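> Spelled out, the chains give:
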Amino acid sequence: MSWTAIADTVSAITLLAGVLLTLVAAIGLVRFPDVLSRMHAATKPQTLGMLLILVSLGFRLRDPAVLGMLITVALLQLLTAPVSAHMVSRAAYRRGFAPPETIAVDELAKAESEEVRTTGAGQG
Amino acid sequence: MSDTTVDTSTGTTSDAPTDRAGAGRSRRRPSFQWPFVAWLVIVWVLLWGDLSFANVLSGLAVATLVSLVFPLPPIAFAGRVRPLRLAWLVLHFCYDLVVASFGVAARALNPRHTPVNSVITVRLRSRSDLYLTLTGELLTLVPGSVVLEADRNTRTLHLHVLDANDEASMARARETALKQEERVVRALASDTELAAFERAVSEGGVA
Numbered sequence: 001m002s003w004t005a006i007a008d009t010v011s012a013i014t015l016l017a018g019v020l021l022t023l024v025a026a027i028g029l030v031r032f033p034d035v036l037s038r039m040h041a042a043t044k045p046q047t048l049g050m051l052l053i054l055v056s057l058g059f060r061l062r063d064p065a066v067l068g069m070l071i072t073v074a075l076l077q078l079l080t081a082p083v084s085a086h087m088v089s090r091a092a093y094r095r096g097f098a099p100p101e102t103i104a105v106d107e108l109a110k111a112e113s114e115e116v117r118t119t120g121a122g123q124g
Numbered sequence: 001m002s003d004t005t006v007d008t009s010t011g012t013t014s015d016a017p018t019d020r021a022g023a024g025r026s027r028r029r030p031s032f033q034w035p036f037v038a039w040l041v042i043v044w045v046l047l048w049g050d051l052s053f054a055n056v057l058s059g060l061a062v063a064t065l066v067s068l069v070f071p072l073p074p075i076a077f078a079g080r081v082r083p084l085r086l087a088w089l090v091l092h093f094c095y096d097l098v099v100a101s102f103g104v105a106a107r108a109l110n111p112r113h114t115p116v117n118s119v120i121t122v123r124l125r126s127r128s129d130l131y132l133t134l135t136g137e138l139l140t141l142v143p144g145s146v147v148l149e150a151d152r153n154t155r156t157l158h159l160h161v162l163d164a165n166d167e168a169s170m171a172r173a174r175e176t177a178l179k180q181e182e183r184v185v186r187a188l189a190s191d192t193e194l195a196a197f198e199r200a201v202s203e204g205g206v207a
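Top to bottom, those sequences are chains U and A. Read in the numbering used here, the first sequence has 83 at position 83, and its numbers run on one by one without any break. Read in the numbering used here, the second sequence has 194 at position 194, and its numbers run on one by one without any break.
No wet-lab data here; the hints were simulated from the structure. Keep in mind that this is a model prediction, so the values were computed, not measured. Cβ atoms here follow ideal geometry from the backbone N, Cα and C, with glycine treated the same way.
Far from chain A, some chain U residues (derived; all Cβ distances over 12 Å):
(1) Met1
(2) Ser2
(3) Trp3
(4) Ala5
(5) Ile6
(6) Ala7
(7) Asp8
(8) Thr9
(9) Ser11
(10) Ile13
(11) Leu15
(12) Phe59
(13) Arg60
Restraint-style ranges between C-beta atoms, simulated for each label pair:
(14) Thr80/U <-> Phe102/A: 22 to 32 Å
(15) Asp34/U <-> Arg85/A: 31 to 41 Å
(16) Ser58/A <-> Lys110/U: 49 to 59 Å
Isolated chain A (complex conformation):
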């Protein structure tokens, strides 16, 4: 089940449960992925802190080697970036991060408080692995929830929620997760993906 966990490298958009062994073989074939190599070169130059010809060249050599030795499955991104929605996603995330950090801090500092937690199951509406991964990453970064298990076939996330011991707090956590997904999809999805997403929402995917 290791290929169903949230992993930043498996952002493909195959929706149906496909033949996993076959898909795994073809996805691991070494291939030159220039966005990945470009990203590695940028990181390399930033880490050296000096944009020189030698740095870019050595970075290019290392990046090519890394991408050939550790090939990653390609990230199929068919969406369209909406700058305003993306800014909203980032801003809302920063807000969540601050609020939730102080929430967890308050719990940690209260000596009489022992958290009682819950594990909730959230079924996401979008069909893309990329949005599933991003939603899971953002949810884990925001205090109060950690993704325990992600299943790409059923598009469900299982979240460990800090201090949720009644129906109301669990419903709140589920709603938070679904709203997070909605912000991700609205920021990045193509028009057809967005239409499919909205159909899924209106068909009763909302908790």
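Chain U with its partners taken away, still in its complex shape:
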């Protein structure tokens, strides 16, 4: 078995795994009941799926110029995914899109109601 054949096999396996994870992320997006749970599906299996697809492309294309671009895409994905997940979740939570039946214990709400009691005002 030559090196190119091995690289192609690795590429095929990682591509399939990445695609499956991204599919599962999409299923989770539909299945989970509220915005906050959905953000877990959107930021998690999808990130790993994307990384696996990039690894697969690297093994298949084997071109330094393409490799540089793939690494850039991976880095930007890792940098931006959590920020957007945080912003969407924060806005959803603040706007009251977190149904009480999906949250067992809410320490943030507790902390803020205590703050209102002791200082007479929220953080604004």
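On the provided structure of chain U, position chain A as indicated by the hints.
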């Protein structure tokens, strides 16, 4: 409260609650930040996929323009990179990413399962905005937790944890967050920061 959210651009290390309006003014003053410009040039060249003189030159022009038009607060990094600890941080993160991805995938595919979640408050031990930001980013990337709110004055993260409906799972999530912070600090902090961190841990910061 927008300046207390986790934001990759606000990695300053001012620890005390300072005068925010004043600090904001001085931090937004346009200044030439060469690491930022260098990073933008590297991205530019990588995106064009060709290291040529014209590419570097045009990238330099665009990067300078961007850094002047959209000035970011400087990232005060006083730490020291420990390569072995950094490798451990990265490896452990990859492991977490894989394990947690499959955990969330299993929950998504189980048709009878409806997740019941919790919001937990974690008080971090380090005093640096940079480590707070990095810890928050890594925690949000790893499945099962999303940072809902970050407060740099009290150094607390409020995490939304998937499928945590009892004390045990919440304690586990809190411990995971604190261990993540510890790995970040051990990989990047200077000796004095590390000593202060260890003091904070021994004084009962550990959940």
